[in-house]
Amino acid sequence: MSFNRREFLKTLGTTSVIVPLTACASPSGGGKSAGKGAGKARVVVVGGGFGGATAAKYLKIGDSSLDVTLVEREKTFTSCPLSNEFISGHGTLDYLQAGYDGLMKRGVNVVFDDAVAIDAGKKTVKLKSGKSLNYDFLVLSPGIDFNWKGVEGYTEQVANTTHPHAYKAGPQSVALKKQLEGMKDGQTFLITVPPGPFRCPPGPYERASQVAHYFKKKGMMKSKVLIADSNDSFSKKGLFEQAWKMHYPGMIEWVAGASGGKVVKFDPKSNTASSDFNDFKGDVVNIIPPHHAGLIAMNTGLTNDKGWCTVDMLTMESTVQKDIYVVGDSCLHGDLPVYGAPKSAHMANTQAKVAVGAILAKINGVPAPEPFFVNTCYSVAEKDWGFSVVHIYRIKDGKLVYDTKAGGISPVNLPDEAQLKLQRKLESEYVHGWFKNIMADAFA
Amino acid sequence: MRNKLLIALASLGLASLTAQAGPTEDLARTCNACHGLNGVSVGPNMPNIAGLPEKYLKTLLLQWKSGERYAATMDRHVKGYTEDELAKLATYFSKLPYVAVVQKADDKVVAQGKSATERCETCHGATGGQPDDDETPKINGQWAQYMELEMMKYRVETTKMPHKKMRGNVKRLAEEDVPAAAKYYAAQPK
Numbered sequence: 048m049s050f051n052r053r054e055f056l057k058t059l060g061t062t063s064v065i066v067p068l069t070a071c072a073s074p075s076g077g078g079k080s081a082g083k084g085a086g087k088a089r090v091v092v093v094g095g096g097f098g099g100a101t102a103a104k105y106l107k108i109g110d111s112s113l114d115v116t117l118v119e120r121e122k123t124f125t126s127c128p129l130s131n132e133f134i135s136g137h138g139t140l141d142y143l144q145a146g147y148d149g150l151m152k153r154g155v156n157v158v159f160d161d162a163v164a165i166d167a168g169k170k171t172v173k174l175k176s177g178k179s180l181n182y183d184f185l186v187l188s189p190g191i192d193f194n195w196k197g198v199e200g201y202t203e204q205v206a207n208t209t210h211p212h213a214y215k216a217g218p219q220s221v222a223l224k225k226q227l228e229g230m231k232d233g234q235t236f237l238i239t240v241p242p243g244p245f246r247c248p249p250g251p252y253e254r255a256s257q258v259a260h261y262f263k264k265k266g267m268m269k270s271k272v273l274i275a276d277s278n279d280s281f282s283k284k285g286l287f288e289q290a291w292k293m294h295y296p297g298m299i300e301w302v303a304g305a306s307g308g309k310v311v312k313f314d315p316k317s318n319t320a321s322s323d324f325n326d327f328k329g330d331v332v333n334i335i336p337p338h339h340a341g342l343i344a345m346n347t348g349l350t351n352d353k354g355w356c357t358v359d360m361l362t363m364e365s366t367v368q369k370d371i372y373v374v375g376d377s378c379l380h381g382d383l384p385v386y387g388a389p390k391s392a393h394m395a396n397t398q399a400k401v402a403v404g405a406i407l408a409k410i411n412g413v414p415a416p417e418p419f420f421v422n423t424c425y426s427v428a429e430k431d432w433g434f435s436v437v438h439i440y441r442i443k444d445g446k447l448v449y450d451t452k453a454g455g456i457s458p459v460n461l462p463d464e465a466q467l468k469l470q471r472k473l474e475s476e477y478v479h480g481w482f483k484n485i486m487a488d489a490f491a
Numbered sequence: 006m007r008n009k010l011l012i013a014l015a016s017l018g019l020a021s022l023t024a025q026a027g028p029t030e031d032l033a034r035t036c037n038a039c040h041g042l043n044g045v046s047v048g049p050n051m052p053n054i055a056g057l058p059e060k061y062l063k064t065l066l067l068q069w070k071s072g073e074r075y076a077a078t079m080d081r082h083v084k085g086y087t088e089d090e091l092a093k094l095a096t097y098f099s100k101l102p103y104v105a106v107v108q109k110a111d112d113k114v115v116a117q118g119k120s121a122t123e124r125c126e127t128c129h130g131a132t133g134g135q136p137d138d139d140e141t142p143k144i145n146g147q148w149a150q151y152m153e154l155e156m157m158k159y160r161v162e163t164t165k166m167p168h169k170k171m172r173g174n175v176k177r178l179a180e181e182d183v184p185a186a187a188k189y190y191a192a193q194p195k
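Sequence order for the protein chains is Z and E. The first sequence begins at 48 in my numbering and counts up one residue at a time. The second sequence begins at 6 in my numbering and counts up one residue at a time.
Calculated from the structure, these hints are not laboratory results. The hints are all genuine.
Taking lysine to aspartate or glutamate pairs in the EDC-like style, the calculated list, with each CA pair at most 20 Å apart, reads:
1. E:K84 - Z:D382
2. Z:K468 - E:E162
3. E:K63 - E:E73
4. Z:K443 - E:E90
5. E:K93 - E:E59
6. E:K158 - Z:D431
7. E:K158 - Z:E464
8. Z:K472 - E:E180
9. Z:K430 - E:E153
10. E:K60 - E:E155
11. Z:K173 - Z:E121
12. E:K84 - Z:D450
13. E:K70 - E:E88
14. E:K195 - E:D137
15. E:K113 - E:D182
16. Z:K452 - E:E88
17. Z:K292 - Z:E464
18. Z:K284 - Z:E429
19. Z:K353 - Z:E199
20. E:K176 - Z:E464
21. E:K176 - E:E155
22. Z:K483 - Z:D141
23. Z:K443 - E:E88
24. Z:K452 - E:D89
25. E:K176 - Z:D463
26. Z:K483 - E:E153
27. Z:K170 - Z:D183
Covered stretches of chain E (chain Z as the covering partner; in silico rule of three or more C-beta atoms under 8 Å from a C-beta of chain Z):
28. 46 to 52
29. 151 to 162
All C-beta atoms, glycine included, are put in the ideal place defined by N, C-alpha and C.
Modelling step: build the complete structure from the supplied sequences, incorporating the hints.
So this is what it looks like as structure tokens:
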């Protein structure tokens, strides 16, 4: 397929590197200079989310002499994972947040600015402030931006004022939380879901669950959640539907794309979202607009006709521009239908580690290590009721494939009720352990 | 050339040594997202795995892979690794230093936990840090919430938890002593 992959495979096939294990004394891989040629390499990372922050940190762990610069707009990162729980009243926003001090302490040069243009020929990143950064390697982790033409009438201005999408965590999560808290019994919360791929595939359905949880907690048993979906199925469907039936009977309604659920138009004044067949009304309407890769990636010409960055599956290097590695939600990676690989924090984290391995190998003139990609994604549908999906991607015959013998969703049915409750309780807790560790893995 | 290569490889740790075999450290790094950098967790329900006995780690990983042992999430992970990779991961993490994350708890709770855990002493040692053999984990300074959740697994009658002695002893604990026992060991530095 791509030049890079073929070359990588050729290298793997023809190079026999025989070095006694004992010669590589330090298994830590940490903090040592790689010596000749490596020390001066300049790596710029654009975007300080789960992907970019992990990349910056592991570049420094791999070779402390690297010149690593992270460009990020915001001084505080707010996590999307667990932000649905925040909306329904669990915890405070700062539980979801991290700063960049940890990365600075590791020697990453953190620049709070906006990357506005990349010149892939000259290998420079232009910043809003007017400054320009030179790079030998660029890690691009800009996340997603929204296609404002996707739902007619749902403009950026509407999103920022009256109808938050809350699909980038932060002020919009706070705004949506307030709208939920203003609801009365009997009212309807409408969520519209864009066509896939979108970030956090189970996100809209977890949000629906959390809103129903809020209604139940407040005794608002006549209130409803309506999901108008552009798609005909969804992530962890069996698990969500089981949870809805058990915990929120009659409270959550899902309208599939094939049943006229694909919303293409929105009227903010009458709170009406319309598909070609139906008008959906809600007292609170949460439009999640269609996504594409972060604008900087589009403007650099790294995206395909659907708006996502194609990458070499084994190294995360862009198939369009050499020495640019795209990680996180903006890339199309993996072999699953529609999504490739899910756009999740955990995928971004492992993709970043693979990109770092490939960059360090390139700097040192050795073959890239065999990549390994793993994803864990938890959803919480009700108190003590969590579940997950695990994906493991491995290389088989030179191709990246989803390992169907491993991974998969939590069991829907278990032999008895005690085991079912235990399973859901454990995963409802694990999500917090996972969250704290992955935040530390990226930012500390 | 060879020297340069050696230096380069050393800088990557063992990462690029056996590009085709799936280098252990690269694999281990994927564990960090849930178990913390170098196997020391910062999430109270994810266990520290650094410095646990090799045999114990290997037994767990292989039992999850074969389905002999219940896990809520880990079984779906380990099925993606070969037995050889799991054995190497067990070795790798067992060689990292054990870090006791000492969690302070109320004196009364600690005392309650101490008296409830007399039966645990034979295998784990009085304070959890002196295991009897290389198949028993240290539990001093392990995360309390993790230990409590593990004990919940043993207390559900029908789960597959093959360690009979452990199941028997956990089931003998009174319900209200379970969190106290966990907090007692979590508070011990040694």
